[in-house]
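Participant: One-letter residues, chain by chain:
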Amino acid sequence: MIMKFTDNQEFKALLQAKQKDIQQRTSDGVQETAQFQKMRTLLSGCRRKYEETDYRLVIISKGELQSLSEQANEFVEQLFKEPTFITNRTVKVNSRLEIIDSNNDPFPEENNDARRYFTLISKDSDLICFLIDPDSTINYFIDGNEYGDGIFYTSSSRKAYEELKTIDKLEEVLEDYRKTLRIQDTYVKFFIPKSQIKALKTFKGEVDISDDKYIQNNKHLLRNKPEECFREDIRNYIKRHMRVVVYRELMMENLDRLDIELLDETGRDLYFLEIKWVGQCINADGNDYGTKYTTSRVNPDAVIQVLGYINQLLEEDQNIKIGYLVVFDARKDDSPDTGVDIKTERIPDELKKHLHRYKKVDDFRVVNINPR
Amino acid sequence: MNKDELVKVNIDIMTIAAHARKIGWETISVSTLQRFIYLLKVLYSFINSSENNLFNQYHFNVTTFGPYSELIYRSVVFLLSTRRLEGDMDGDVKIISKDGVDEMDTERINWIDSILLILGKYGENKIFGFIVNDPLYDVSVKSNLPSEIQVTSENETLLVLNDFKKAFEDTLPDTTSISKEEYISLYFDYIFSQIIKG
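Those protein sequence lines, which keep their order, are chains A and B.
Count the first sequence with this note's numbering and you get residues 1 to 372, in order.
Count the second sequence with this note's numbering and you get residues 1001 to 1198, in order.
Here chain B stands alone, though its shape is the one from the complex (with noise of 0.2 Å):
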């Protein structure tokens, strides 16, 4: 990892924070950031199908508690150390200076604020239940390799998106008012109530 890649996802750490306490989320917890980041990563190929991934610098391994990247793990630390998060005894933190804030392009920015407030209808505390229900964590967990959890240009997430988006198109007569957005939305309703189905 070089000086280039900690800023950059220094940068990506400050601005969810920032962005979550827009939602009122005035803490968050450092688990959650890392499955965060990872949904924006496997989500983000549903919205642009090319190799060319906008978080492929997170490289994310399974473990019991949800995806884990080195890199989060470490920025974080930095942020602390350097007084830009304030961390508490739960092992949440908390934005406290604006440095680095939204100093990306507009796309990147938007999808952060999508997948939020996607997700920030059920809380923080139900992330992690999408954690384990999302298809590509569930069959890398399955697989019970301590490899990387491969984001390619055809993992499961995505299948599973695309048949879900499918289902729409066979079945209701005029689908070209729900964006990919959308699409992602409804998908996370249909899991909730999958999860609270039990």
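If we strip away everything but chain A, and leave its shape as in the complex, we get (with noise of 0.2 Å):
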């Protein structure tokens, strides 16, 4: 869906919020130059590669900033390799980012000391500030005022967002997935509600039992059509708690549909998730048992499926790393895994080759423990 932002008031309000920022940033003579752009870009990307676990402090004039060096991209990296740069907390630097002061004392402990402190060097003698975090988000002081890495986001939502983990940590992520699946609030949303089982009741006409009885019994039924209700709920838990692209039912060029996709936030390596269901649900008009899936749809039926998914991929050339094959089950009894004892006879030959870049998840068993 395109943003619009002149209907959005809550956008709007921001701006207002902002104004100060906004105006200062485009107008204080700073900000807005190649120079500081420049700079503010340097530091941050030699404090990635040069790793540090202490704050760092460079100062420079309006005037050498103005006049930063064509070659900064190189006397940077000289900079950060420097040992008064090491040793010290604070260095001045002219426009060739050497070092023309240092000290090394300590900055104010109280994190609103320290920015006044920071505030007061800027505005006492005309010098911009740049605080570099060890993760390298910026902070910098100019004319007395204090900006941020951005003027949307805070630099503790930028450190937020790069603790999220990574790609390669899908399956821890997956496993701290399946702890949420005992949260009533998450599984509620899979199972048909108490006054739907009752209503089911009357409609088959179940009357010699009660109705405790009969929703203890029926407590398993899923809604209709589980499947949107299951991918969305674990492609959801995914971009909250990683650093990746999720893409949702990307079409393939033979029009196969992948079920979720994922790529690192680099766009350069790709995984998918096929998402299925045992158990049963409730049919489309709520009046009597729907569709039932057991472990024959999973073994081997989505196993080939993926494998020709991975297989398809590979024909397109992309950067297909591993295809996993997810299982929620909600079946009523307690039962195995439905990945267990893969039956390969079963799968064609020229989709075997690919079983290495294919895994099964632990089934996702989810119970209606305490139905609503």
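Mixed in with the good hints there might be a few duds.
Said to hold, decoys possible - Below, computed lysine to aspartate or glutamate pairings styled on EDC-like, alpha-carbon distance capped at 20 Å:
#, chain 1, residue 1, chain 2, residue 2
1, B, Lys-1142, A, Glu-32
2, B, Lys-1121, A, Asp-101
3, B, Lys-1126, A, Asp-133
4, B, Lys-1197, A, Glu-163
5, A, Lys-20, B, Asp-1138
6, B, Lys-1165, A, Glu-32
7, A, Lys-12, B, Asp-1090
8, B, Lys-1197, A, Asp-135
9, A, Lys-81, A, Asp-101
10, A, Lys-239, B, Asp-1138
11, A, Lys-165, A, Asp-135
12, A, Lys-4, B, Asp-1138
13, A, Lys-18, B, Asp-1163
Calculated directly from the structure, the hints in this document are not laboratory data.
Work from the hints to combine the two standalone chains into their complex.
Facilitator: Below, the structure is given as structure tokens:
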């Protein structure tokens, strides 16, 4: 859906709240200059390259920044390797990023005191102060004003984002997701509510059984077409907990669709999840039992399907790493995992060669422990 | 594609690689080159709304990994084979020659610099995030058609950027100090805030 800003009162309120920052950023004669932007990018990039657990304050006068060297990209590398830079918290540099002054005085410990200290330096001496965080975010101080990483986000929100798990931790995230399936707010989304079970009892004419017993016997019934609900729940969890790009139902060249496609944030490595479920759902009208799926749906049919997708993606020259088969198990009784003993004899030979790129996640058991 | 076309693309890529190095990107991935030139073209329509887009020679198709132009691919292959660029195992390239660098008009150089500086703040790794959040790319992906991404004078990205600008004009008492480049920078700032919010 295309974003609309003019109709968005929340966005307009945000603009009003940030009015002063926007005005300063676009008219203070510093922040909009190429030299300032280059300096900020170089400092941040170098901190990513040369890791450090301490903060650094890099000070430069407005005049020196204005005449920042064309070779600043080379000089910044030298600066970060300079022993004086490594051993001092504060360095003052010139336009060639040579250290012209330094000290190792500790910064004030209390956050507000520290901010006041940096602000005063920028105000009293007409200097620009770049405070480099160990995680490479940069706060800066100009003319006694403090600026964060961006206008519309804070350094702390950027830090929180950087701490999200990367795609190589997908299996850890899936195990964390498994724990959420025991939380009532999570699992009730998948099952029909008690009121609907009672209505079913009436439709089926089950008059000889109490409501409570009928609910207990049928609380495992999933909503009609539950696949969408399972897919959205796991997709949203991954989006909230990982630094990845998540596509939904992306179509391949052969017109098949992948349930959930994941790319690492650089857009290089591709993973996908194929979502299945076993158990029983209610029918579309809510007046009878609906589709029932058993292990045979998974083994080997879904395995062959996943291997087929891997094959197709490789044929399309896509950088596919792993295809995961994810099964939500809502069967009434506890049963063995649907992935036990894959029937490899039924897998076509041309697909067997992709088995090393296929992974079956242990079933996500979903039980309607306390129906609502 | 004729020889002149390829020469112009070669010059663009050599200039981008050289200027990217100035902001600390010693190497640049081929995918980033594709994505960056796509953004150069799409965002240019915001600066100059006429049909005469400086980057009209580039035609992009949608792929899962972002926009793809055959012209850029061929140029990179040529520059690698003639040792103007050097490649590594990760698919990143590094400039090892000055041939062609800045052999273009100032407007084109300035535009490359402007977009590099706007994106440089976030780092090369974040560019893909901006691509998948680009309105025109998004519409093209969702259409699931293999056809070319249409950078018309009324493309979706342009519509969104104009709407973004208008929201500023409607809300703030004075927006005269905000240049169009600055609006793009603020727009990316906002999009990044949405990406990290999840």
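Participant: Which of the stated hints cannot be reconciled with the structure, identified by number in ascending sequence?
Facilitator: 1, 2, 5, 7
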